[in-house]
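So the protein lines, in turn, are chains E and C.
Anchor point for the first sequence: position 43 equals 43 in the working numbering, and the numbering is continuous, going up by one each time.
Anchor point for the second sequence: position 5 equals 5 in the working numbering, and the numbering is continuous, going up by one each time.
Please keep in mind that the hints were generated in silico from the structure rather than gathered at the bench.
Virtual Cβ for every residue (Gly too), placed ideally from N, Cα, C.
The reader is advised that the hints may include incorrect statements.
For each label pair, taking beta carbons as the anchor points, the in silico distance ranges come out as [unchecked claim]:
1. C:S151 with E:Y160: 55 to 61 Å
2. C:F192 with E:N46: 55 to 61 Å
3. E:Y160 with C:N80: 55 to 61 Å
4. C:N11 with E:N49: 51 to 57 Å
5. C:N80 with E:K24: 51 to 57 Å
6. C:E256 with E:N33: 20 to 26 Å
7. E:E179 with C:I153: 48 to 54 Å
8. E:K203 with C:E256: 30 to 36 Å
9. E:Y160 with C:N125: 44 to 50 Å
10. C:N15 with E:N49: 40 to 46 Å
11. C:S81 with E:K6: 28 to 34 Å
12. E:N9 with C:N15: 33 to 39 Å
13. E:E179 with C:E256: 33 to 39 Å
A few chain C positions that, by computed beta-carbon distances, are all more than 10 Å from chain E [stated by the list, open to error]:
14. E48
15. E67
16. K89
17. S107
18. A148
19. N179
20. L181
21. L185
22. R224
23. D227
24. Y290
So the chains spell out like this:
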Amino acid sequence: MELDLKKLNLRNVNDKLQNLDRKKNERDFTIINPEGNHAICAGLNNEMNVTIKGHVGYYCAGMNQKANITIEGNVGTGVAENMMSGKVHVKGNASQSAGATAHGGLLIIDGDASSRCGISMKGVDIVVKGSVGHMSGFMSQSGNLIVCGDAGEALGDSLYETNIYIRGKVKSLGADCIEKKMDKKHLNKLKKFLKDAEIKNFKAESFKRYGSARKLYNFKIDNSY
Amino acid sequence: MCGIVGIYLKNEKLNNSLGSLLAEMLINMGSRGPDSAGFAIYNDEKGEKLKYSICINNLDYENFKKELSEYLDDADIRKNSDHVILRTKKKANDVLKILKDHFKNTSLVGYGKSIEIFKQVGSPNDVVKKFNLNNYSGTHAIGHTRMATESAITTDGSHPYSTGEDECLVHNGSLSNHNNLRRKLKKKGINFDSENDTEVAAGYISNHLANKKNLKETLNDGLRDLDGFYTFITGTRNGFAVLRDEIACKPAVIAETNDYVAIASEFQAMAHLPGVNDAKIFEPEPGVVYSWGS
Numbered sequence: 001m002e003l004d005l006k007k008l009n010l011r012n013v014n015d016k017l018q019n020l021d022r023k024k025n026e027r028d029f030t031i032i033n034p035e036g037n038h039a040i041c042a043g044l045n046n047e048m049n050v051t052i053k054g055h056v057g058y059y060c061a062g063m064n065q066k067a068n069i070t071i072e073g074n075v076g077t078g079v080a081e082n083m084m085s086g087k088v089h090v091k092g093n094a095s096q097s098a099g100a101t102a103h104g105g106l107l108i109i110d111g112d113a114s115s116r117c118g119i120s121m122k123g124v125d126i127v128v129k130g131s132v133g134h135m136s137g138f139m140s141q142s143g144n145l146i147v148c149g150d151a152g153e154a155l156g157d158s159l160y161e162t163n164i165y166i167r168g169k170v171k172s173l174g175a176d177c178i179e180k181k182m183d184k185k186h187l188n189k190l191k192k193f194l195k196d197a198e199i200k201n202f203k204a205e206s207f208k209r210y211g212s213a214r215k216l217y218n219f220k221i222d223n224s225y
Numbered sequence: 001m002c003g004i005v006g007i008y009l010k011n012e013k014l015n016n017s018l019g020s021l022l023a024e025m026l027i028n029m030g031s032r033g034p035d036s037a038g039f040a041i042y043n044d045e046k047g048e049k050l051k052y053s054i055c056i057n058n059l060d061y062e063n064f065k066k067e068l069s070e071y072l073d074d075a076d077i078r079k080n081s082d083h084v085i086l087r088t089k090k091k092a093n094d095v096l097k098i099l100k101d102h103f104k105n106t107s108l109v110g111y112g113k114s115i116e117i118f119k120q121v122g123s124p125n126d127v128v129k130k131f132n133l134n135n136y137s138g139t140h141a142i143g144h145t146r147m148a149t150e151s152a153i154t155t156d157g158s159h160p161y162s163t164g165e166d167e168c169l170v171h172n173g174s175l176s177n178h179n180n181l182r183r184k185l186k187k188k189g190i191n192f193d194s195e196n197d198t199e200v201a202a203g204y205i206s207n208h209l210a211n212k213k214n215l216k217e218t219l220n221d222g223l224r225d226l227d228g229f230y231t232f233i234t235g236t237r238n239g240f241a242v243l244r245d246e247i248a249c250k251p252a253v254i255a256e257t258n259d260y261v262a263i264a265s266e267f268q269a270m271a272h273l274p275g276v277n278d279a280k281i282f283e284p285e286p287g288v289v290y291s292w293g294s
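Here chain C stands alone, though its shape is the one from the complex (with noise of 0.2 Å):
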């Protein structure tokens, strides 16, 4: 089943309760899915530092912390939870490769220079708590309550999928030929952590998106490659976009006000948001790319 929530706010007098807006959206979507729950907040910092958000699992926070920084000499290190946020001014490229080669228990959620994403096992409840959802603010936001169909209930296993710098994916169906797209994009230099059907469309759409392709025109090529049932919700750095596929089994239901657009599996997730009984309340057509933003 699953469940999608993702808000774009208009008005800037919002951004300081972009978290609590998005916690009580995931706390009312835990009957859909109950296993995990994660959350990617887009909140734009000055500086050239790109933020990396990862998941140490079990290991020792200062442990990681001192070795990390032998590796990076100016990073910047937090830690929420069992995940922590590295602030640091070196290439993407060397930093993802220093995380690769030496630390191998960590995975690396996502980075860039706005998003911060953490996702775990739990339900919603649980895990909007142990992050603090509620204290985060920024400019938009997506999450997902998972119910497990394809893979393992894990950390890896639950979504967002970050698909790249400031780009992540949240899914709500079933993607029937992933196997096969996964052989060809590894083939094409894309690496997967896990068995999961939604990672396979996030190195889709990365890989399109490396390709100087916009998110649209990305969205209008996965109708044709994707096969299965899915809404998807995927965030870049200044927006969001949302597609159902043709056959549109899978929910979905947007507001829009003049303060913000709100997407979610279903309406109750939405019920709490200021003026949405006067909102424009609409499903997004089957087959059709929304996007807003950039």
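Okay, chain E solo, but in the shape it has when bound (with noise of 0.2 Å):
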């Protein structure tokens, strides 16, 4: 089914997407003209295919459940925020704290992904086909995050915990993230990943893994003044 955001109401097209018609059989969605508005395929809560057509923005797919959502175009902040699980996939680039604070599922970002990327992720895999701005992984507490280009600045800045795995070049690494020894169930779980998210011209071996150093975990009377 097609839904011209030009002629419906957004926050109707939400309420149908969230409250699909079960005796319906119809679980496949095309939404077009899109046109950067704020929180498009936010809450859903159902398995189900929706394809956007053009760029969006804020906040879109946010707090996904069970849906596969693409966008075929780029993303404003907070793309798949609070995300619990399904999968989401943009074709273009995201704007800044992609993935933030989500829980589960899989996000895919085509292009580039800005600063923040996986702020404080507590369970979902990031795949980056492209590179990441400053503070990506910042405060992240559990899940993967997969950067098949560059690292901004400060990668990973006062992490729990979360697998990092970046192919090219880190700027800087932040507080108590340090790089990690890739071993053979890590280099598994990447190509894993790599192969969910249709890449095949980067092998797993040239990755390397970033993580927490645990210094942060309690408080050490060493570090006051």
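Both chains come to you apart, so use the hints to assemble them.
As structure tokens, then:
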């Protein structure tokens, strides 16, 4: 079913997708003319496929559960923020805070993501085929952040846990983020993510792994002035 | 919050639709700034006359026109709502002095060979209609929708701020060292009309440019001297520049085609532009000066 945001009210479109008529077996939707609107496909909670043709604004696919959402364009701030499950695939670039605080699911970004990608992520897996901006993975707690390009300043600053895999250059590491050994189990996991994101031209072995030094876990009296 | 927009045309064929393109951008940014709106349009004119954009507030236009003509014999004065555009060959310093000494209830919002500035309190939709922005043509334009934070909702508190001949600035964000910087700039002889933080940044820029620095050098120095959150768009007679602070909390997105470069706080402000879906769309990087034209 095609939903035209030039003709339909955004709230009605979201309402329809959030409250699918279970008696009808309609699970495939295409949204046209998104025109940079905010919160498109926020709060979906059922299995369905949605394709958005064009660029969207803030918080697209926020709080997603189960739905498979593809954006054929760029996304604004906070795509898939607080996602619980499902899959969000951005074919263009993403603005800041992509996948912020997300608990689960898979977020794939074909282009670049700007600053604070995966900020405070709590279990989501994020694959960025381009590069990420500064403070990506800031205070991240769980999940995997895979970046095929470069990372900006202060990568993984103050992170608790989370595996960060970067293929390109890292401008600088944030507080308590260190490079870690890539074990076989990490390689196998990474291979699976690359396969899921249909990345064939990069080998898992060409990535480096980063994670928490766990030195900020406890208060250290030596740190006082 | 605030919304900022700008468009620089590369294809002359679009010059006549500049006003309508910018109007839609401003209206779309109403959600980010409902308190006041303003815009600067650049349209070079032949001849030696300079244009002065003056907000006359509640003054009687006919009286104002008559009085001003007594001081300036070649004055060509045209009204647009509560603003007037004065054209005269007289020296800029003399005109500025006349306006300051004898027309205290008016505000000079900008002047130059090319620039015209209109700004007023009210929703962007109303402001755009009030000044008939749709009918304007030109080469490039900058606009602002304001959600007031640092100072009162007045015409003087509205953007753009003119920073000297054919220069202007719009700002999304807030500066934290503006009081200190204002004191320093006042000592150097720069005047301020409001308590607004952006006006200080505008004064900083005009002071730098007056000291023979170019726009790129000026903005690079600004990264060091201006403390706070900002995305700036600053306009000059032949182009404009964009700068985000290094933390980059304040948004900006640029769309570039063969016909134009557009910048806005959010993509939705540009969704109506011709061919935008095939444009090169990117976010300006933190702490990097981007400029078009000269």
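Verify this label for me: C:E48 is non-interface relative to chain E, using a Cβ-Cβ cutoff of 10 Å. Given that every Cβ of chain E is farther than 10 Å from that of C:E48, nearest at about 43 Å, it holds.
Can the suggested window of 30 to 36 Å be confirmed for the beta-carbon pair E:K203 and C:E256? Holds - the Cβ-Cβ distance for E:K203 and C:E256, about 35 Å, lies within 30 to 36 Å.
Was C:L181 rightly flagged as not at the interface, with every chain E Cβ beyond 10 Å? The claim stands: C:L181 keeps its Cβ more than 10 Å from every Cβ of chain E (closest is about 26 Å).
Confirm or reject the statement that C:L185 sits farther than 10 Å, beta carbon to beta carbon, from all of chain E. holds, 31 Å
Can we confirm that no CB of chain E comes within 10 Å of the CB of C:Y290? About 15 Å separates C:Y290 from the closest Cβ of chain E, which puts it past 10 Å; holds.
Regarding C:E256 and E:N33, is the given constraint of 20 to 26 Å on their beta-carbon distance met? holds, 22 Å
Beyond 10 Å from each Cβ of chain E, as asserted for C:K89: Consistent with the label, C:K89 stays out of reach of chain E, its closest Cβ about 45 Å off (over 10 Å).
Does the hinted range 55 to 61 Å hold for E:Y160 and C:N80 at CB? Holds, at about 58 Å.
Find the nearest Cβ of chain E to the Cβ of C:D227 and say whether that gap is larger than 10 Å. holds, 18 Å
Take a quick look at C:N179 and tell me if its Cβ sits farther than 10 Å from every Cβ on chain E, holds or violated. holds, 29 Å
Consistency of the no-contact label for C:R224, given chain E and a CB cut of 10 Å: It holds; C:R224 is separated from chain E by about 17 Å at its closest Cβ, greater than 10 Å.
Do the Cβ positions of C:F192 and E:N46 conform to the proposed distance bound of 55 to 61 Å? Because 57 Å falls inside the window, the suggested range holds.
Going through the hint list in order, the structure does not satisfy hints 1, 4.
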